[in-house]
Structure formats: C-alpha cells, structure tokens
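Protein chains in written order, with my numbering: chain A, 111 to 252; chain B, 170 to 576.
Simulated from the structure, these hints should not be mistaken for lab results.
Errors might be hidden in some of the hints.
[Claimed, not checked] Computed cross-link-like contacts, DSS-like style, restricted to lysine-lysine with a CA-CA straight-line distance of at most 27 angstroms:
| no. | chain 1 | residue 1 | chain 2 | residue 2 |
| --- | --- | --- | --- | --- |
| 1 | A | LYS219 | B | LYS192 |
| 2 | A | LYS145 | B | LYS576 |
| 3 | A | LYS146 | B | LYS524 |
| 4 | A | LYS155 | A | LYS145 |
| 5 | B | LYS576 | A | LYS160 |
| 6 | B | LYS363 | B | LYS307 |
| 7 | A | LYS219 | A | LYS239 |
| 8 | A | LYS136 | B | LYS363 |
| 9 | B | LYS524 | A | LYS145 |
| 10 | B | LYS545 | A | LYS160 |
| 11 | B | LYS545 | A | LYS146 |
| 12 | A | LYS136 | A | LYS162 |
What follows is the residue order along each chain.
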Amino acid sequence: MANHSIEEKQNEIIDNFALLDSWEDKYAYLIELGKKCPPLTDEYKTDAYKIKGCQSNVWIHSYLQHETLIYEGDSDALIVKGLVSLLIDVFSGQTPQAIQNADLYFIEKIGMQQHLSMTRVNGLASMIKQMKLQAIQFQHSS
Amino acid sequence: MMRYDVEAIRQDFPILQTTAHQKPLVYLDNAATSQKPQIVIDTLLNYYKQSNANIHRGAHYLAAKATEEYEQARETIRHFLGADSADEIILLRGVTEAINLIANTYGESQIQEGDEIILSVMEHHSNIVPWQMLCERKKAILKVIPINEKGELELQAYEKMLSERTKIVSIAHASNALGSIHPIKKIIDLAHQKGAIVVIDGAQGAVHLDIDVQELDCDFYAFSGHKVYAPTGVGALYGKRKILEAMPPYHGGGEMIKEVSFEKTTYNGLPFKFEAGTPNIADVIAFKAGLDYVQKIGKQNIHAHEDQLLQHATKQLNAIEGLSIIGTAAQKVSVVSFVVEGCHHGDLGTLLDAKGIAVRTGHHCAQPLMAHLGIKGTVRASFAMYNTLSEIDQLAVGIQSAIKMLK
Chain A
111 MANHSIEEKQ NEIIDNFALL DSWEDKYAYL IELGKKCPPL TDEYKTDAYK IKGCQSNVWI
171 HSYLQHETLI YEGDSDALIV KGLVSLLIDV FSGQTPQAIQ NADLYFIEKI GMQQHLSMTR
231 VNGLASMIKQ MKLQAIQFQH SS
Chain B
170 MMRYDVEAIR QDFPILQTTA HQKPLVYLDN AATSQKPQIV IDTLLNYYKQ SNANIHRGAH
230 YLAAKATEEY EQARETIRHF LGADSADEII LLRGVTEAIN LIANTYGESQ IQEGDEIILS
290 VMEHHSNIVP WQMLCERKKA ILKVIPINEK GELELQAYEK MLSERTKIVS IAHASNALGS
350 IHPIKKIIDL AHQKGAIVVI DGAQGAVHLD IDVQELDCDF YAFSGHKVYA PTGVGALYGK
410 RKILEAMPPY HGGGEMIKEV SFEKTTYNGL PFKFEAGTPN IADVIAFKAG LDYVQKIGKQ
470 NIHAHEDQLL QHATKQLNAI EGLSIIGTAA QKVSVVSFVV EGCHHGDLGT LLDAKGIAVR
530 TGHHCAQPLM AHLGIKGTVR ASFAMYNTLS EIDQLAVGIQ SAIKMLK
C-alpha cells in the first residue's frame with residue numbers, strides 16, 4: 111500500500127515551502143490550502159471539538175477508517191485553516207499508534223514556529239495535542 | 170508654533186530605525202505600548218551606572234542621589250497630572266495595580282452589601298475584573314453604562330443608574346478598543362451629586378489628553394508609564410489626600426511602616442503607606458525622562474499631529490471596500506478599530522505583519538464590548554507622536570493587498 115509515512119508527508123511539505131521565497135508567498139500558499147480545505151459540517155463546529163488557546167476558532171474532528179484515523183478540521187481564519195490542513199495532511203490515514211509517536215518537525219522547518227505570534231504557536235501546540243489525544247482515545251477504544 | 174518635525178522625533182526612537190521581517194518597521198500598536206526615546210533608555214542605563222542604591226533609608230551618597238532622583242520623578246508626575254501635592258501620587262506598576270489597590274483598600278473598607286459600582290461596557294478587563302471580585306466579596310452590584318452605535322456612552326442611561334446606592338464610578342478617560350473619549354468631567358460631577366467617588370482609568374488618556382485632576386475633581390486617576398514613552402512596569406495613581414489618608418494600606422512590608430512591633434504596627438504617611446517594599450527605582454526615574462520628553466515636544470503639538478493622523482487614517486480606511494470602522498465617536502484619541510467583511514481579523518494582522526506593519530488584533534482585553542457589538546474582534550491601528558501620514562498610506566495599501574489575498 112502506497113501510504114506515505116508521517117515523515118514522508120512532512121518532508122513533502124518542507125519541500126513545497128522551500129520553493130516559496132517571501133513570507134507573503136508562504137501565507138498566500140497557506141491561504142490557498144485553507145480555501146481548498148473542505149468546511150467542517152456544523153455538527154462538529156461545537157465546543158466539544160473546539161481547540162482551546164487559539165485567537166481564532168478552530169475545530170478538529172476525527173474518525174477511524176480501516177484502522178487508520180481520518181481528521182477533518184476548520185477555522186474561521188484562513189491562514190490558521192491552512193495550518194490545520196497541513197496537520198490533517200500529515201496525520202490523516204495514519205494509525206493511532208503512529209500519530210501518538212510522531213515527532214512533528216515540519217512546523218519549525220517551514221519557519222512557522224518563529225514567525226507566528228506566541229498565542230498562535232500555543233494554538234498550534236494545542237491543535238497537535240488535541241489530535242494526539244484523539245488518537246489515544248481511538249487506540250483505547252479499538 | 171514651531172513646525173512639528175516628525176522626522177527629527179523619529180530619530181530619537183532607535184527602534185523605529187529597525188526592520189520587521191526585512192521590512193522597515195511600521196509601528197501602529199501604540200495603544201498597547203509606546204516605543205521609547207533614547208533619553209529614556211539612557212536614563213535607565215545611567216541609573217545603574219551612576220545612581221543605583223536603595224532609596225529612603227541609606228545614609229550614604231548614592232542612597233541620597235537615588236532618593237532625590239526618585240522623588241523628582243514623583244514631582245514630575247504630580248505636575249503632569251496637575252495634582253496639588255506629591256503626597257497624592259502613589260507610584261506602582263501601572264493601571265492594573267492601581268485599580269486593584271483601590272478595590273482592595275477603599276473598596277474593601279467602604280463597600281457594603283447592596284452598594285452599587287458603575288462601569289461602562291467599553292472598559293478594559295483591568296477596570297472590570299477587580300470590581301467584579303470586590304462585588305463578589307461584598308455582595309455589591311455592578312452596573313454597566315451602555316453605548317450608542319457610534320461607541321459613545323449613553324449619558325442619560327448613566328444618570329438614571331446613579332442613586333444613593335452608587336458608591337464608585339470607574340471609567341476610562343478614553344477607550345482602548347474604540348478610541349472614544351468619554352465626557353469624564355460630566356461623569357464626575359453627576360457621580361459627586363450622589364455622593365459617589367470616581368476612578369478614572371487613564372491608560373489611554375494620559376498619553377493623548379490634557380489632564381488636570383483638580384479641575385476634573387476626580388477622586389482617583391491612574392495611568393501607566395509604558396504608554397507614555399516611559400518603561401514598562403511603572404505607573405502612577407493620583408488620589409485625593411482626604412481619601413488616601415482614610416484608606417487602609419494595601420501591601421504590608423518595609424517602607425510603608427512607621428513603627429513595627431509584634432503587638433502593633435503603625436503606618437507611614439502618604440504616599441509611602443501604599444508603597445511597601447523596594448520599588449522599581451530605575452524605571453520610575455526613567456518614567457520622568459519619558460514625561461519630560463513629552464513636555465519638550467509639547468502635548469498640544471503632539472495632539473495636533475495625532476489628530477491629523479487620525480483624520481487621515483479614517484479617510485483612507487473608509488475608502489476601502491468592505492471595511493467598517495468600529496467606533497465613530499465625535500471625540501476620539503488616535504485609535505482606529507476596524508473589521509473587513511469576509512476577512513478574519515487574525516488573518517489581516519498576520520498579513521500586515523508580513524509587511525512589517527504592527528497592529529493589534531482580537532478583543533483588545535474588552536470582551537464584554539466585543540460581545541455587545543456582536544463581533545469576535547477587530548484590527549486596531551493606534552498612532553503616536555512619531556507616526557507619519559505615509560505610514561498610514563502603507564497601512565491602507567497593506568490592508569487592500571491582504572483583502573485581495575483572502576477573498
């Protein structure tokens with residue numbers, strides 16, 4: 111099965127960002143990703159799926175499919191939604207075990223760690239924590 | 170009047186010569202904090218190089234020198250506020266600490282069950298939460314003055330709210346989120362007719378507006394140094410002598426005492442009764458340098474310049490399709506808050522930042538106001554003495570290009 115590993119997915123993102131010179135290009139790319147990312151249905155846009163610690167609203171929902179997790183997410187801010195879609199791209203289709211063990215290095219490599227404001231870095235950390243927690247829950251229930 | 174030389178002023182602020190993301194810095198987040206002129210930075214450095222000692226106690230040359238500089242700062246603040254005596258000037262960390270001090274001393278000793286405290290819907294969290302905590306402790310009632318669609322206080326509603334039960338009215342001189350200047354003289358007079366005292370949160374007022382606490386007849390006026398070109402972590406609270414004398418102390422410790430024994434401690438006189446512990450000596454002395462700098466440029470000249478910036482920004486931003494300015498009060502300080510249809514304020518702020526333009530986005534520590542307006546947040550550009558018309562043009566261009574990317 112030609113399923114890319116978390117590492118391969120991250121390297122792909124890093125390669126894509128390497129082609130973008132300026133911050134504006136990087137943001138334009140994130141905005142495009144955000145626009146392309148399908149909206150979450152209203153039933154998941156509730157407090158139960160909301161990520162705490164973000165300046166904008168972020169919701170992430172996940173479900174199990176053939177022993178791998180599928181994530182869906184949304185945000186009312188486009189750049190944040192672009193970041194959410196990168197996380198979804200990295201984690202979706204992976205096993206709960208792989209997600210729990212994942213070391214996410216792409217955020218720093220594409221420069222988002224340094225660049226995004228403190229509150230949003232914390233927000234990004236909250237998103238990753240929430241996604242991993244969902245993976246742990248699925249592993250225990252399966 | 171001498172020509173206002175904004176380029177010369179900019180030269181006094183080293184940080185304005187720096188870049189952000191390889192772009193020349195356009196700093197439009199002055200309502201959060203102002204940048205510091207070289208003289209303030211030098212004063213801070215020189216204090217540690219030449220004057221450092223603990224104040225009000227040492228019997229040596231440096232202690233006397235540091236004490237004198239510290240007390241000169243208090244005198245400068247007294248003059249800045251138009252207070253009668255330096256005894257009425259309490260030095261502390263800023264407005265947040267000032268409001269907490271009043272709530273925990275005056276409030277603690279005077280407020281009883283059923284008493285009422287009046288605020289406005291536009292207050293900063295620091296002028297809400299300490300009062301809420303007091304009301305919880307005392308079973309007192311918090312009342313909130315509403316605003317009209319322009320972001321001006323509804324004075325008629327305020328008048329109706331006032332009664333013999335009103336004990337404290339605590340209002341900002343100007344709103345940090347919308348820029349509205351409140352008619353505080355009228356608010357003070359009306360409160361006094363009912364026997365209530367009035368606290369003015371001058372966090373935004375002190376840097377933009379003329380203050381004469383005696384003419385205003387306010388009971389307290391608090392402001393923070395860092396918004397007036399001075400360092401962070403220092404501020405001042407003016408209080409009427411009679412009220413301060415009757416108030417119990419706040420923090421216990423050194424400096425605030427007259428005599429201590431395990432049986433009984435007697436307290437120091439004003440203003441030291443409220444200044445326990447070794448204060449932030451260096452920053453207080455640099456606080457004076459910041460206020461001296463403002464006086465040197467001239468408050469009137471600064472106001473005229475800032476008003477020009479506000480008018481220009483209002484015109485430029487109003488011309489952008491889909492943009493709405495939030496807060497259009499007739500009297501405003503140089504703050505422009507806005508939203509753009511279909512664009513999240515966080516995205517706008519991030520894209521402006523990529524162009525080196527610093528603005529604030531979000532709820533501006535005024536969540537009740539945002540809830541009242543039915544919005545999640547705004548983008549806020551706020552101007553200071555060193556901003557230029559061309560920076561505002563860059564802001565307008567930046568917003569337009571961000572909208573293009575986001576739509």
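The hints, checked one at a time:
1. Of the supplied pair hints, the one linking LYS219 (chain A) and LYS192 (chain B) holds, its CA atoms being roughly 22 angstroms apart against a limit of 27 angstroms.
2. Only pairs whose Cα atoms come within 27 angstroms are accepted, and LYS145 (chain A) paired with LYS576 (chain B) is accepted, the gap being roughly 9 angstroms.
3. Distance check on the hinted pair: LYS146 (chain A) and LYS524 (chain B) sit about 25 angstroms apart at the alpha-carbon level, within 27 angstroms; holds.
4. About 17 angstroms separates the Cα atoms of LYS155 (chain A) and LYS145 (chain A), which keeps this hinted pair within 27 angstroms; it holds.
5. Restraint check for LYS576 (chain B) and LYS160 (chain A): the C-alpha separation of about 25 angstroms stays at or below 27 angstroms, so the hint holds.
6. The straight-line distance between the Cα atoms of LYS363 (chain B) and LYS307 (chain B) is roughly 21 angstroms, inside the 27 angstroms bound, and the hint therefore holds.
7. At most 27 angstroms may separate the alpha-carbon atoms for a hinted pair to count; LYS219 (chain A) and LYS239 (chain A) meet this at roughly 19 angstroms.
8. With a C-alpha separation of about 59 angstroms, the suggested pairing of LYS136 (chain A) with LYS363 (chain B) is violated against the 27 angstroms cut-off.
9. The suggested pairing of LYS524 (chain B) with LYS145 (chain A) holds, with an alpha-carbon distance near 22 angstroms, which does not exceed 27 angstroms.
10. Pair hint LYS545 (chain B) plus LYS160 (chain A) holds up; C-alpha atoms about 15 angstroms apart against a cutoff of 27 angstroms.
11. For the hint linking LYS545 (chain B) to LYS146 (chain A), the alpha-carbon distance of about 24 angstroms falls within 27 angstroms, and the restraint holds.
12. A C-alpha spacing of about 25 angstroms is found between LYS136 (chain A) and LYS162 (chain A), which places the hinted pair at or below 27 angstroms, so the restraint holds.
Hint check: a violation occurs at hint 8 only; the rest are consistent with the structure.
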